[in-house]
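Visitor: Chains as they are written, first to last, in our numbering: chain D, 8 to 481; chain Y, 9 to 211.
The hints are simulated quantities; they were obtained by calculation from the structure and are not laboratory data. Quick reminder that beta carbons are idealized off the backbone N, C-alpha and C, glycines included. Be aware that one or more of the hints could be misleading.
Said to hold, decoys possible - Below, a sample of chain D positions facing chain Y; criterion: calculated Cβ distance under 10 Å:
no., residue
1, GLY28
2, ALA200
3, GLY206
4, PHE276
5, THR277
6, THR302
7, THR339
8, ALA340
9, ASP407
10, LYS411
11, GLY449
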Amino acid sequence: MAAKTLYDKIWDAHLVAEGDGETILYIDLHLIHEVTTPQAFAGLRAAGRPVRRPDRTLAVADHNVPTEGQALGAGAVADEEARLQLLTLERNVAENGIEYFPMGDLRNGIVHVVGPEQGRTQPGMTIVCGDSHTSTHGAFGALAQGIGTSEVEHVLATQTLRQAKSKNMRVTIDGTPAPGVGAKDFALAVIGAIGTAGGTGHVIEYAGEAIRALSMEGRMTLCNLTIEAGARAGLVAPDETTFDYIRGRPAAPKGAAWDMAVAHWKSFFTDDDAVFDREIALDAGQIAPLVTWGTSPEDVMPIDGRVPDPASFATPDKRASAERALDYMGLTAGQPITEAKIDRVFIGSCTNSRIEDLRAAAAVVQKAFLEGRLVAPHVRAMVVPGSGLVKAQAEDEGLDAIFKAAGFDWREPGCSMCLGMNPDRLAPGERCASTSNRNFEGRQGRGGRTHLLSPAMAAAAAIAGHLTDVRDFI
Amino acid sequence: MKPFTRIDAKAAPLALSNIDTDQIIPKQFLKTVDRIGLSKGLFYDFRFDEAGREKPDFVLNQPAYKDAGVLIAGDNFGCGSSREHAPWALLDFGISCVISTSFADIFYNPCVQNGLLPVVLPAQAVEDLMAQARGGNHVISVDLAAQTVTAPDGRVYDFEIDPSRKHKMLNGLDAIGETLQKAPDIDVYESARALDTPWLERA
């Protein structure tokens, strides 16, 4: 039998039917939220079509929820359009018998934090959601992809997706990262190396000793950002780290079913002699703490570097985009990036709002606090846990007390300032050190300037008042 | 979905690479429960200043391009989020075809599913079309059945498209209806899976 990649194996295990160029692929888990589903449910209703598998669908409210006052419920959300979307979701899940964690429920939070946390995300699965960062769940060795609203409607009606198979790409990261360097830096290094279109048409599997050494939170950060490299999905083969994370979670198999499940999950790995269409290798030891300087996630530079000169780019399009980016970001070619004074810090998002992210940021804050340093007076810094359960755990560990003592705002869970669809957003011209995933123009608020970086780097920036090298803080 | 066969329309040049979905339609326009009326948010931050006034220098605000039906853009058009509001907004504005050297996967499929044709051409061809569109000589023909783009100067460029996607677009077919014809296959698959992964079956 021909050698297969992990992606090939998951693909083959979910084939329902094959046609000309497109395959009907079974979907094990469909995650839904308020923003990309109303038109899908309206379409089903108009056609008189039922939801095929409500039991394989899970709904949360995350994109446009405010990060305070959540206990008051969706009816109390001030933004009229956001409230209508939230109430529409409530009606749609009730009509169709879909499990739903409403705003304010301890289990609610960002969809890509909730799925894994509940044990719904499992190895070897196919997972979709009307959100590009669904790639996050690939950390478990699940084929997880963001889909559009037409596809959401298709999955609701048929529990399948029509798709052409992607190519296989492998990114191998060996070596040991230096202190202060982690999964976020790995991800930015990959995007910087291959570009935001580098993964187009591919599914990326991450391999190598530096990947094996990552926690599940780290793997989720890495797979989350895979979509920013243009790939359909990211994958990490499941191992003991994966199984340890899943064990005991609400939807994890129990008793004899657990052993059966682990045996099944262990069949999802890339064969030794499988061939990839494209291979990239990075040395973790060579990766510095990274930060973005422009308005595309591929605009990556080491924190101790200088802002690049647009003239150094290869094509006229790229030069025009770089010039536009520097102008938008208010930066000058050749200046050290650490000169960039910040106004805001955002620690959160489906990229970096899990307990390990909050611990990494809190460690930097605590050390500085013990040296008598607080959040710089001109900086507004906020921490937004990824779910109610992450928030509760952080509070049990006393992390909230550290953040609050240093001057951080401790918020309720949601997508928050990652995309500015809710009250948390940047004012025009404000510069933000952000642990989120996109530095696009206007992403965090019209005219807002976003620098992507790791939670520890964001915490260090909050205290310094400008972008700064986390290695000076640890 | 409206079938796409052939259009003869003005082409607007937008020579930027990595145009992302936040630029195509910013998040404040995603808070809708409808598919229609989204043209008001299309390229909002390019088209309007902070006071909501039109920016005269943006291509789609110029009289020659206001009624463009085709957009010619730089590399990697549509990167970013899976928001289908992006193709909905383009279509609502009257643009039913985008030509670029490459599209983000996450944008390409929703386009096809809504009757918006994404055409991939080599860099030189896109540059030639862009130059002609800039010069004001800008009515081009896009023929899906023939898989050709005819430039204002008469040059014809062939493009590739997956046959099943082409068939669906030409006929305006509903993917769900088609898949539901395979419901017996889905039933068979589900019965087999229930035995393989029983812990995923909920009572």
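Visitor: Next, verify each hint and record whether it holds.
Guide: Structure-based check of all given hints:
Because the smallest distance between the Cβ of GLY28/D and any Cβ of chain Y comes to about 4 Å, under 10 Å, the interface hint for this residue holds. With its C-beta approaching chain Y no nearer than about 16 Å, ALA200/D sits outside the 10 Å limit, and its interface hint is violated. Of the supplied interface hints, the one on GLY206/D holds, with its beta-carbon coming within about 9 Å of a beta-carbon of chain Y, less than 10 Å. For the restraint placing PHE276/D at the interface with chain Y, the shortest Cβ-Cβ distance is roughly 17 Å, beyond the 10 Å limit, so the hint is violated.
Hint status for THR277/D: violated, given a least beta-carbon distance of 21 Å to chain Y, over 10 Å. Checking THR302/D against chain Y: minimum C-beta separation of about 8 Å stays under 10 Å; hint holds. At a threshold of 10 Å, the smallest CB-CB gap from THR339/D to chain Y is about 21 Å, leaving the interface hint violated. Of the supplied interface hints, the one on ALA340/D is violated, with its beta-carbon coming no nearer than about 19 Å to a beta-carbon of chain Y, more than 10 Å.
Here the hint on ASP407/D is broken, as its CB sits about 28 Å from the closest CB of chain Y, past 10 Å. Interface hint status for LYS411/D: violated, as the beta-carbon distance to the closest one in chain Y is roughly 29 Å, over 10 Å. Because the beta carbon of GLY449/D sits about 5 Å from the nearest beta carbon in chain Y, less than 10 Å, this interface hint is met.
Checked against the numbered hints listed earlier, the structure breaks hints 2, 4, 5, 7, 8, 9 and 10; every other hint is satisfied.
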